[in-house]
Amino acid sequence: MTPLHLIGVGLVAPGLPDWESTGAVLTGRRPYVAAPIPPLAPAALPSNERRRATLGTRLALAAAEQACAGLALDPRELSSVFTASESDLGIIDRLCTDIFGRHIPVSPTVFHNSVHNAVAGYWSIAHGCRQASTSLSAWDGSLAAGLLECAAQLADTDRPVLLVAYDLPGPALLDSHRHLEGPFACALVLSAAALGAAQPVATLALDLTTPGVPDPLPPGLDPALEVLRVGNPAARVLPLLYRIAAGGEGTVRLPYLEDLDLLVRVGRQ
Amino acid sequence: MPPIPASITAYTLTSALGAGCAATLAALCGEGPGLRRCTLPGLDLDTWVGQVEGLETAPLTGALADYDCRNHRLAALALGQDGFRERVAEAARRHGAGRIGVFLGTSTAGLNHTEQCYRRYFEQGRDALGADLRYAHTHTNFALAACCRRLLGLAGPALVISTACSSGAKAIAAGDRYLRAGLCDAAVVGGVDTLCATTLYGFQSLELLSPRPASPWGLGRTGISIGEGAGFLLLERAASAPGQSALLGTGESSDAHHISSPHPDGDGAVLAMTAALARAGLAPAAIDYVNLHGTGTPVNDRAEDRAMARVFGPGVAAGSTKGATGHTLGAAGAVEAALCLVCMAGGLLPGTQGTKVQDPDLALRVLTHPRPGAPRRVMSNSFGFGGSNCCLILGQP
Numbered sequence: 001m002t003p004l005h006l007i008g009v010g011l012v013a014p015g016l017p018d019w020e021s022t023g024a025v026l027t028g029r030r031p032y033v034a035a036p037i038p039p040l041a042p043a044a045l046p047s048n049e050r051r052r053a054t055l056g057t058r059l060a061l062a063a064a065e066q067a068c069a070g071l072a073l074d075p076r077e078l079s080s081v082f083t084a085s086e087s088d089l090g091i092i093d094r095l096c097t098d099i100f101g102r103h104i105p106v107s108p109t110v111f112h113n114s115v116h117n118a119v120a121g122y123w124s125i126a127h128g129c130r131q132a133s134t135s136l137s138a139w140d141g142s143l144a145a146g147l148l149e150c151a152a153q154l155a156d157t158d159r160p161v162l163l164v165a166y167d168l169p170g171p172a173l174l175d176s177h178r179h180l181e182g183p184f185a186c187a188l189v190l191s192a193a194a195l196g197a198a199q200p201v202a203t204l205a206l207d208l209t210t211p212g213v214p215d216p217l218p219p220g221l222d223p224a225l226e227v228l229r230v231g232n233p234a235a236r237v238l239p240l241l242y243r244i245a246a247g248g249e250g251t252v253r254l255p256y257l258e259d260l261d262l263l264v265r266v267g268r269q
Numbered sequence: 270m271p272p273i274p275a276s277i278t279a280y281t282l283t284s285a286l287g288a289g290c291a292a293t294l295a296a297l298c299g300e301g302p303g304l305r306r307c308t309l310p311g312l313d314l315d316t317w318v319g320q321v322e323g324l325e326t327a328p329l330t331g332a333l334a335d336y337d338c339r340n341h342r343l344a345a346l347a348l349g350q351d352g353f354r355e356r357v358a359e360a361a362r363r364h365g366a367g368r369i370g371v372f373l374g375t376s377t378a379g380l381n382h383t384e385q386c387y388r389r390y391f392e393q394g395r396d397a398l399g400a401d402l403r404y405a406h407t408h409t410n411f412a413l414a415a416c417c418r419r420l421l422g423l424a425g426p427a428l429v430i431s432t433a434c435s436s437g438a439k440a441i442a443a444g445d446r447y448l449r450a451g452l453c454d455a456a457v458v459g460g461v462d463t464l465c466a467t468t469l470y471g472f473q474s475l476e477l478l479s480p481r482p483a484s485p486w487g488l489g490r491t492g493i494s495i496g497e498g499a500g501f502l503l504l505e506r507a508a509s510a511p512g513q514s515a516l517l518g519t520g521e522s523s524d525a526h527h528i529s530s531p532h533p534d535g536d537g538a539v540l541a542m543t544a545a546l547a548r549a550g551l552a553p554a555a556i557d558y559v560n561l562h563g564t565g566t567p568v569n570d571r572a573e574d575r576a577m578a579r580v581f582g583p584g585v586a587a588g589s590t591k592g593a594t595g596h597t598l599g600a601a602g603a604v605e606a607a608l609c610l611v612c613m614a615g616g617l618l619p620g621t622q623g624t625k626v627q628d629p630d631l632a633l634r635v636l637t638h639p640r641p642g643a644p645r646r647v648m649s650n651s652f653g654f655g656g657s658n659c660c661l662i663l664g665q666p
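So the sequence lines, in the order shown, correspond to chains R and Z. If you count the first sequence from 1, position 149 lands on 149 in this note's numbering, and the numbers rise without skipping. In short: position in the second sequence from 1, add 269, done, that's this note's numbering.
None of these hints come from the bench; they were simulated from the model. Any given hint could turn out to be false.
[Unchecked claim] Coverage of chain Z stretches by chain R, computed from C-beta distances (three or more under 8 Å per stretch; other residues unrestricted):
no. : region
1   : 321–335
2   : 440–453
3   : 480–490
4   : 648–657
[Stated by the list, open to error] Partner residues aside, some chain R positions facing chain Z, computed with beta carbon under 7 Å:
no. : residue
5   : P31
6   : Y32
7   : V33
8   : V115
9   : H116
10  : W139
11  : A145
12  : H177
13  : H179
14  : L180
15  : G182
16  : A246
17  : G247
18  : G250
Quantities reported herein were computed from a predicted structural model and do not represent experimental measurements. C-beta: ideal position from N, C-alpha, C; glycine also.
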């Protein structure tokens, strides 16, 4: 497949507030210091929507805003792909608890936030973006599935696409069934050519292959980062970001399906 | 020139109208059974639902036992109709199992099963939801694709799309995209959604759930009736055989307006319909029938009516089948794509069940009763929460 051009990166996770500091941590230029994520107030949202936006939405939008900042492209020109294994488990817990435990009517706002594409809806409202947007899941391979969906879109049109991968821990009752570290959100702006990039970051060439052992983070980094990587499907992006931050070329193996891995060959622009 | 569209080499659907294409066509012709009063256990709701018979007594067993939940029972039931599994097996022999992708839409996934675990947790005062939740095999969205992949013995790319009521249509568009990108040679595309408490109470909380059978485009319509259903298509990268339908075009857009209400003038819907026409290389006049999203809420139908007028003007044959199947939510785009294929093959314009008197404030006159016809190219609309719009055009290339 034709390589994709990565023209913007955003990231929000504990101790990793943006792409610049994430690059510094992953290449060992700065120590990793776990810290709660800062309060996230999506400034682009109208006040009604900002009040209703869940943590998952605020997290995903913050990463997306970072990735789009500095691009010579208006965010409303981007199509978008949101990928999450679980999205927001707190909403499911709240709805089921209200119905079966508290026997009270469910909140209309909570219900409308329960659709998996609510995050995409808030993003489109924030920027008045009417381009196509999709919201998908592929368990621990959700990041790889998101990259493939972007590649399929870019084979079809030359419109750049915003990929946002995010997942966040759920409440205790569900966490014992699906444990998630984080919260973690990463956003990548991908295009068929290096157009509109403030600073071209890398090229990514995708290939499917038989399953092996997905690449871990390089040794010597704080083990908490590896815990984050294996504990959150969106954080599977970290070895790819390490390779990009290190500035070199190379291939990163990402988990996709039980019988397929995704190889991402990273090149310089 | 648009590229050669993907051919549709097999299709099937199961809904409240019955299991498989023949039962569906018979029910549509006879305006047969569809919605019934909601009597689901433990629910206190005055509404009507489109329920699929027999799921309670058809557990998944053997290699699929871990996947057992209402959504996957319905998927398995549907895949067993119309020789669909056999056609997929033939395609796998032609292309290789690793070259056939699975792209499915759902909004509920196995939520019905999770709800039962929550109900037991609260009623019995347990300290956990229980190991039989089997989260990875039932609750998570991707479980639907994992289950169908295993059931069909496929090993190609896969994903599950969850964009509320456009999920099934968008999964079809995604599979088409993967085919064009060369990521697979054939694609099983579709959608599955099942009745559960969360969606029923949720739509009630938004005052969108009708106490009467849904009446799309109807005078005094009072909202949606929720249904469950599954629809599957097999798409292949090859020119269609004579008489075989193709996926002629897909169009997707966002409203950028509100999470749970459509843009009042149908701006996003217009964008999706015009994008689908452009990809198909067709003028509006080339469309013989439009399967409306037509949910039966006052606001949705009004917005779609405005969008239809902007794209088609006053004169196109159209209708909504959601008064027959109920609104199958995340499956609707796939169920109705298959239903359109059934109607094209059966020479039927399906009409708008549940609607006797049309709302005079809506410009588009829908067909209220089924009528023999020979539609060759059909458009199918799906619009969802989050302002997610998807339009498909199916028919003769």
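Outcome of the hint check:
| no. | hint | verdict |
| --- | --- | --- |
| 1 | 321–335 | violated (count 0) |
| 2 | 440–453 | holds (count 7) |
| 3 | 480–490 | violated (count 0) |
| 4 | 648–657 | holds (count 5) |
| 5 | P31 | violated (35 Å) |
| 6 | Y32 | violated (29 Å) |
| 7 | V33 | violated (32 Å) |
| 8 | V115 | holds (4 Å) |
| 9 | H116 | holds (3 Å) |
| 10 | W139 | holds (4 Å) |
| 11 | A145 | holds (5 Å) |
| 12 | H177 | holds (4 Å) |
| 13 | H179 | violated (10 Å) |
| 14 | L180 | violated (11 Å) |
| 15 | G182 | violated (16 Å) |
| 16 | A246 | violated (29 Å) |
| 17 | G247 | violated (29 Å) |
| 18 | G250 | violated (23 Å) |
Taken one by one, the earlier hints fail for this structure at numbers 1, 3, 5, 6, 7, 13, 14, 15, 16, 17 and 18, listed in ascending order.
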